[in-house]
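Enquirer: Here are the chains, one letter per residue:
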Amino acid sequence: MRGDGGVRGLRPGRFAPLVVLVVLALLPYSTLQVPGLFDGVLNSPGTLQLLALCLVFGGVALSYDLLFGFTGLLSFGHALYFAAGTYVANLALTELGWGLGPALLLTSAVGIALPLLVGGVALRVSGIAFSMVTLATAQVGSILVLQDPGGLTGGEEGLAVARDPIPDALVGVFNTVNKYWLALAYLALVYLVVTWVTNSRAGHVWQAIRENERRVEVLGLRPYGFKLLVFVLAGLLAAFGGVVHLLLLGGSTPRVTTADFTLGLLVMVVLGGAGSRWGAVLGGVLYTYLDSRLTDLAASPAVQDLPAWLRVPLSEPLFLLGTLFVLVVFFVPGGIAGLVSRLRERRGGRARPAGDGTPPPGRVVEQLRDAAGRGAGVGAGAGRPHDGT
Amino acid sequence: MSTFVLLAVTGLGLAALYFLVASGLSLIFGLMGVLNFAHGAFLTIGAYGTWWAAENLPGAGDGGWSFVYAVVFGVAVGTLVAALVELLLIRPLYERHIEQVLVTVGLSLALVALVRAIWGSDPRPFPRPAWTQRTTSLLGAQVPNDRFLLVATAVLVLVAVLVFLRTTRVGLVIRAGVENRSMVTALGIDVRKAFTLVFAVGGAFAALAGALGGVYLGSISPGQGTSLLIFAFIVVVIGGMSSITGTAAAAVLVGLVQQFANYYAASGVGDLSVVLLLAVVLLARPGGLTARVA
Chain P
1 MRGDGGVRGL RPGRFAPLVV LVVLALLPYS TLQVPGLFDG VLNSPGTLQL
51 LALCLVFGGV ALSYDLLFGF TGLLSFGHAL YFAAGTYVAN LALTELGWGL
101 GPALLLTSAV GIALPLLVGG VALRVSGIAF SMVTLATAQV GSILVLQDPG
151 GLTGGEEGLA VARDPIPDAL VGVFNTVNKY WLALAYLALV YLVVTWVTNS
201 RAGHVWQAIR ENERRVEVLG LRPYGFKLLV FVLAGLLAAF GGVVHLLLLG
251 GSTPRVTTAD FTLGLLVMVV LGGAGSRWGA VLGGVLYTYL DSRLTDLAAS
301 PAVQDLPAWL RVPLSEPLFL LGTLFVLVVF FVPGGIAGLV SRLRERRGGR
351 ARPAGDGTPP PGRVVEQLRD AAGRGAGVGA GAGRPHDGT
Chain C
1001 MSTFVLLAVT GLGLAALYFL VASGLSLIFG LMGVLNFAHG AFLTIGAYGT
1051 WWAAENLPGA GDGGWSFVYA VVFGVAVGTL VAALVELLLI RPLYERHIEQ
1101 VLVTVGLSLA LVALVRAIWG SDPRPFPRPA WTQRTTSLLG AQVPNDRFLL
1151 VATAVLVLVA VLVFLRTTRV GLVIRAGVEN RSMVTALGID VRKAFTLVFA
1201 VGGAFAALAG ALGGVYLGSI SPGQGTSLLI FAFIVVVIGG MSSITGTAAA
1251 AVLVGLVQQF ANYYAASGVG DLSVVLLLAV VLLARPGGLT ARVA
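Quick mapping for you: the protein sequence lines, in order, are chains P and C. Last residue of the first sequence: number 389 in our numbering, and the count goes up by one each step with no gaps. Last residue of the second sequence: number 1294 in our numbering, and the count goes up by one each step with no gaps.
Hints are not guaranteed to be accurate.
[To be verified] Here are a few chain P residues that face chain C, going by a calculated C-beta distance under 10 Å: (1) 214; (2) 301; (3) 305; (4) 307; (5) 315; (6) 316; (7) 327.
FYI, nobody ran anything at the bench for these hints, they're computed from the structure. Just so you know, these numbers come straight off a predicted model, no measurement behind them. Note that CB positions come from ideal geometry on N, CA and C, so glycine has one too.
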């Protein structure tokens, strides 16, 4: 199926993720001051905390990319599994008084069972209807958490995690560096798993489903099982992200249950480049960084002194990120990864398959177009001549 | 009995709000294949437009005709924004549905954030005509008048849309476009004009829903549109995605289920049962309640 098998082993790009990993792992030993980008030196707790947050969301964005970019499933409910991760682990630690290990086991069980249940129902419909079912089920999670049943979830206040069951190495400001490494380990784990599964046989079927689900059926495969598999895997990875997020922040916040959170993940993936592993990670890191830094910027005297018509829009990071997102969709189709692969093509002077056998990153959204026209088939799209074969 | 009547009328009032938001969504989806996430932002803009007009415009206020004037202003702003969004952002991405959805997602984040930046995230008390805050006795129940206002407006909108779709030429084009857009284009009719119209009308209904939602809830906040939008999406899907009558029926169903379950079970159960309803409907009839088009 793949034509560039011989080239892959030789490309220096193969080792790039490893190099990045080593650099990131050694970063806390650096006392470099990066003016403008970070407030303190690189290994100050504040900077490490922000970086760790970026890494976690890089991983979560990658888990979402597995669904959206690699399989073409536009889920609007990914927040549910992330939230399940943070709240289930939190309740196991705080309410049940379990250790971190058992809590992690319970979270894994929920992280598998919940997407299995939701996906089992949602994947019976396709296209927009699938998106709506996932959106609605995620809303259930959000309502449940906000309703605060039995005082368990803490409602709008969020829920602080009990310190005792957590290993000392992961508690407190002095141990921020350990939390940073934990976040890095999580990202590395997600990256490894995603690399492995997208290159497996199932991964090829996922990409085939994204491009033309009907053709997969004609080949005698049942897309349902494959889609459920990727849905559960992405959900589980997101749930682990929720646990790391919990340890990082020392609590769960209801903000991670909302539809806006899922939309944020979508923005990350599209920003970085849907269907590209490093693109999704970079999108997640960049979005989280900008979200945090723009909030600081809004409070800075430089912005506060501006005239009102400039200051007001600048005070809302989400306004800037939303606008940036619209601009990216318009002018940089394929996000950062698409941009890079186009530049590489131009420099190389010939079109060569970007990455490792996956279609050029960023082309994904364009390929999804047909699928959406077809998959929207509930009522309206059904009669349209989009059969794609 | 009186509780039952009160719950039913309140449920219908909620259904009216859902219908106003969902009718625009389903028309837009049926004709253009766009799932419009920015619809909640149109709602917020309509609500804040009305509120701003009542506070600042001479002649507009919270009593009788001056309130109507304020609502007209809010709806006009919502319509204008929706039409501009279609012309500037949706039209260039013609036939590229995923990108169109992504753009509306970005817009929904940006517009709501802009409203929050300008007027803050705290709820604002909404100007309400005094008579909407009084109650009327109906079958032994004291029903707040705003419920009747909501229901009457929604019925009016439903009738107007149906008459428009069934009797006018543009309505014919829209119905034909929902059925088979490529064929209509092949016949030499420019469907894109209908796109702008449908988007603007959808925006107007959403803005109206924003103003009426302000009356119903007594206050407005930037995030209001988004939370209503999710239920409107559910209504659209249950109603069969592109049918106006289906949307109306689904709105009534969802509104009543939500109210009754929230009262007789526990607060929050209503919202959950709506989602359950969605799952059941989709599993039993993947095409929604109506497989036919308006």
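Enquirer: Now tell me if each hint is right for this structure.
Expert: Against the structure, the hints:
The beta carbon of residue 214 of chain P comes no nearer than 16 Å to any beta carbon in chain C, farther than 10 Å, and the hint placing it at the interface is violated. Hint on residue 301 of chain P is violated. Least Cβ distance to chain C is approximately 18 Å, over the 10 Å limit. The criterion of a C-beta within 10 Å of any C-beta in chain C is not met by residue 305 of chain P, whose closest approach is roughly 17 Å, and the hint is violated. Given the 10 Å rule on beta carbons, the hint for residue 307 of chain P is violated: about 14 Å separates it from the nearest Cβ of chain C.
Satisfaction of the interface hint for residue 315 of chain P is found here, the shortest Cβ-Cβ separation to chain C being roughly 5 Å, below the 10 Å cut-off. Satisfaction of the interface hint for residue 316 of chain P is found here, the shortest Cβ-Cβ separation to chain C being roughly 4 Å, below the 10 Å cut-off. Interface restraint check: residue 327 of chain P against chain C, minimum CB-CB distance 8 Å, threshold 10 Å, status holds.
Checked against the numbered hints given earlier, the structure breaks hints 1, 2, 3 and 4 and satisfies all the rest.
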